[in-house]
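Participant: Protein chains in written order, with the numbering used here: chain R, 1 to 467; chain Y, 1 to 335; chain F, 1 to 262.
Bear in mind the hints are in silico, worked out from the structure with no lab data behind them. Some clues are possibly wrong.
What the hints assert, rightly or not - Here are the computed lysine-lysine pairs in the DSBU-like style, where the Cα-Cα straight-line distance is at most 35 Å: (1) Y:Lys138 - F:Lys219; (2) F:Lys197 - F:Lys219; (3) R:Lys129 - Y:Lys138; (4) R:Lys235 - Y:Lys97.
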Amino acid sequence: MTRRAVRWVDQRTASAPLLRKALRYLFPDHWSFLLGEVALYAFVVLVATGIYLTFFFVDSTKEVVFRGDYYPALYGQRMSEAYESVVHLSLAVHAGLLIRQTHHWAANVFIAAIVLHLFRIFFTGAYRKPRELTYWLGVTMLMLALLEAYMGYSLVDDLMSGMGLVIGYSVGLSLPFVGQNLMNWLFDGMFPGSANLWPRMYIAHVLIFPILIGLLLGAHLLLVALRHHTQFRRKKAQTERTIVGVPAWPGQAPRSLGLMVGTAGFLFLLGGLVQINPIWLWGPYHTYSSTNGAQPDWYLGWLIGGLRLMPGFDLTIAGYTLVPNPFWGGAAFPLIVFGFLYFWPWLERRFTGDHAFHNLLDRPRDAPVRTAIGIGMISWVFLVFLAGASDRVNVTFGIGYVSQIWIYRVVVWVLPVLFGFVAWWTCRELQASEVVVQERHAAEAEARLARMRRRHEPPGDPGALES
Amino acid sequence: MSRVRNAIVSGLVLLLGRRRRRRPSEEETRLVPALPPNPAAELAVLGLLGLSSLSAVGFILIYAFADSVPAATPLLGATIGLAFLFLAAALVVVGLKLVPTEEIAEEYPPHEHPGEQQVIAELMDESGTRFTRARLFKLGLLGAGGTLGLAALAPAVSFGPLFHVGDFLRTPWRRGRRLVDENGKPYKASDIAEKDFYLAFPEGTSDEQKNQMAASLVVIRLPPHELHLPPHLKGYDANGILAYSRICTHAGCAITLYRAPLFQPDEPRPALVCPCHYSTFDPATGGTVTFGPAGRDLPLLPLYVDSSGYLRAKGNFDGPVGPSWWGVRLWKAQP
Amino acid sequence: MRAVLTLAALAAATLVASGPAGAAPGTPKDPLAAYGYHLYGQYCLACHGPNAAGRFKEPSAASGAGPGRAQGQQGGIGPSLQGVGALAADFYLRTGYMPLRHVGLQPRRRRVFLGEHQIRALVAYIASFGGPPIPTPRPDLGNLSQGQALFTEHCAGCHQVVAQGGYVTGALPPALVLATPRQVAQAVRIGPYVMPKFSRSSISDRQLDSIVRYVEFTKNPTRPGGWGLGYVGPVPEGLVTWFLAIPALLVLCLILGRRLRS
């Protein structure tokens, strides 16, 4: 039965050699190698739920009057067709809310998983030659995912999403020399743009960006497979030349499938049980309305932090404004972070002079400087991220907002250096303790050997072993 | 019910057992190592698969009767989520307990393939030997490719007014235009009380036009003795009534916070605040920034009171409305 | 508690200092208001001054050994309560906003300090100076959707669109979960601390009914999607992502990554 099926496929596709190889593709063993898979499966859930949502969403900002008797708190209000369609989808379509919430949770988890995956790649040095291309594709996908998620958040056109969109618009507008023209072009006029904006953003969100991410994802996985996985040196047999792992079939397949189905399960569970972005409560957006406590989703929290931390000035020379304020927190900050990510493999090679092939991974302690720089960078971004939530911290814990902002303005520069140094020191200490342990083991082994020799060597008969 | 399930389970176990017994002769030539059966794990997998199907059926039932089920979404999420999770659990048990997990060692692919590299390079080089003017040819190819690329991109210019940016300075305000509320009722100066704040639009704008950034105002009244407008804004108020642009000069959010102290000696001074990044503007001094990231004063619209007591614009804003762009300070708001 | 005692002691001292005790000139005839007058001397006088006329810091130029200087050192200053009426007195006492711990603080909702009878007496005393009565909002007459729109226009900037509270530079607009309909109506007309004071031309009484109805709605808003997370949007959602979803998935990864031990 199995044989007949395989023959049928092979005769028609000539793919048996390829399939055979694929089935025996080796997966080295470590739990952290699964983080990228979680991101992949969250993407699968995003596409699946997203397709369902497109059947209900209306990509128009034409103003309509809400006449849904299922939600009296908005009855009779003016709103865009886009917002109305999402309120309808959420409150009047069976399972509509479940799918929408699952989509939103999946987006949050997707980016979280990418970030964790990136941390793993960074701290183990997995981006080194020959895998720089794979790494750059991954960083690009992270950037695309951020933009994609931001557009999804904006498309709903509720009060919060409108506020997010105008902030993004202002950041674009603040780009020196090109900002005004660029935004005028993208939005087809000054904010809130023309009727063309929503179809544009919609097609970007549901077609262009998903396809781009999908293509890059395919290339990313292909490159991983062509060069094979990296591995930790956990066994003697695992070397730069020899990979040791579990074959895709039968060892890895049920595990990966289980992870996929499990990820979907958690996301649907969240989608049903934990409310996310209750847009019917936010109400419609108009340029002249806003609400307190408006925040972006977590993955853009670092940008709102950057925007809030900047002291209030536009860089102006002789009455000519060169750089408006939102540029620093909203554009320069992420450009620096992504610039760092893109240039890091090159920078490291430059300073270490390491041009060798690497199939074995470092442990974080094996490269103290890299680990220190990584920790410093992460804590820098994370502290700015925390600053973005300082108003809610004030509301919840009563620590004054203004004092928080001033503390962050200092701490954001001091603590990363400190954390980086502590990381470096910890790595060195761990290395040193390993050396001690190794030396002790070596000494013990030597002593054991010597003892054995003494016991087995009959005195005065050196030639006994030879015979 | 449970008896039926037991029957099905034992039947499946039997079936699987029979198949395994049928091929003992292959034992020597196996690719995958043979391991003894694990009936407990097998049973667990079957049980989990059964639970998964039950949850999925539950999902369908709740979906079908969603109208009469209270809290349909949580129940739908719980059932479909559990269906997935039971399936995942089954796969985990299969992966950890039933499928043989062999570790295999294998060579990494070679670092490079010099032979193939050589062939590819030769193919490229030798195919071009008939081109005697290689450099010119490359230039021509580059030119054609580049211009075609530009031609392909050119239509994208019609996305929006890329080079016509004058709209940024256009506002619906001109001298004599009355200030009206959201329902179109004109404001009288006597309507504007101290410590209150009002949303205003130019008279005669459509709902869509109200969304233009330069249309909306936040109107307040301060006691004239508290006003300290800078010289170039003298006369912009109408007996202490001030009309500021409602759009923050930092990131374009609407200014919907008016800090109006009840008892001034003890409390923070009056301020207009944007809820996005808490830029704080002092209305008494012409909208200067006192805290937060905004880099430019809030634009002020000059007002006067006509003979019937209505509030009217005296001209246009003292600066461009909305978030800043490069060169913003060189421009003046225009009607 | 200690602060209150201090205030009371201060009040007593000021009473003695400011005039002959007993048959004070401002004693109202109504017995309830008269009891209120007594309580006023105990709890309010130190800040709001005799006859609810308010007390202000003397300008430092007017130095000297006079009573003004003594008052300045005591630091007790507060607005006049003449004309604020029963509306404001009832609001401040029933929310626990007054008596205030320290002058200059933002009044916060606290355990109500005075008993029902005492509050009624104080309200009667303050009302004897004139001013608006205690309002009776009728949320049942209001329109929920209009209330939502009005709340967004006038209130959401500070109190957040689902009335969960927020931040404004220099103050913390409270969440309105504990505010009764009457207190919401009172606060709109008073504008406590730095809140704007909305006139009837800005928010009519009928509109106020709608706003109150919406605020009542926000105390338990439509929650079809499960656990509400406090109705403030992305911050708690991010916490759930990182502290619930990601750990769960990490556990799954750990289980699946644990190989070759069996």
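Participant: For R:Lys129 and Y:Lys138, compute the direct alpha-carbon distance and say whether it is at most 35 Å.
Facilitator: holds (32 Å)
Participant: Holds or violated: R:Lys235 and Y:Lys97, Cα atoms, limit 35 Å.
Facilitator: holds (23 Å)
Participant: Holds or violated: are the alpha carbons of F:Lys197 and F:Lys219 at most 35 Å from each other?
Facilitator: holds (23 Å)
Participant: Holds or violated: are the alpha carbons of Y:Lys138 and F:Lys219 at most 35 Å from each other?
Facilitator: violated (72 Å)
Hint compliance for this structure: hint 1 alone is broken.
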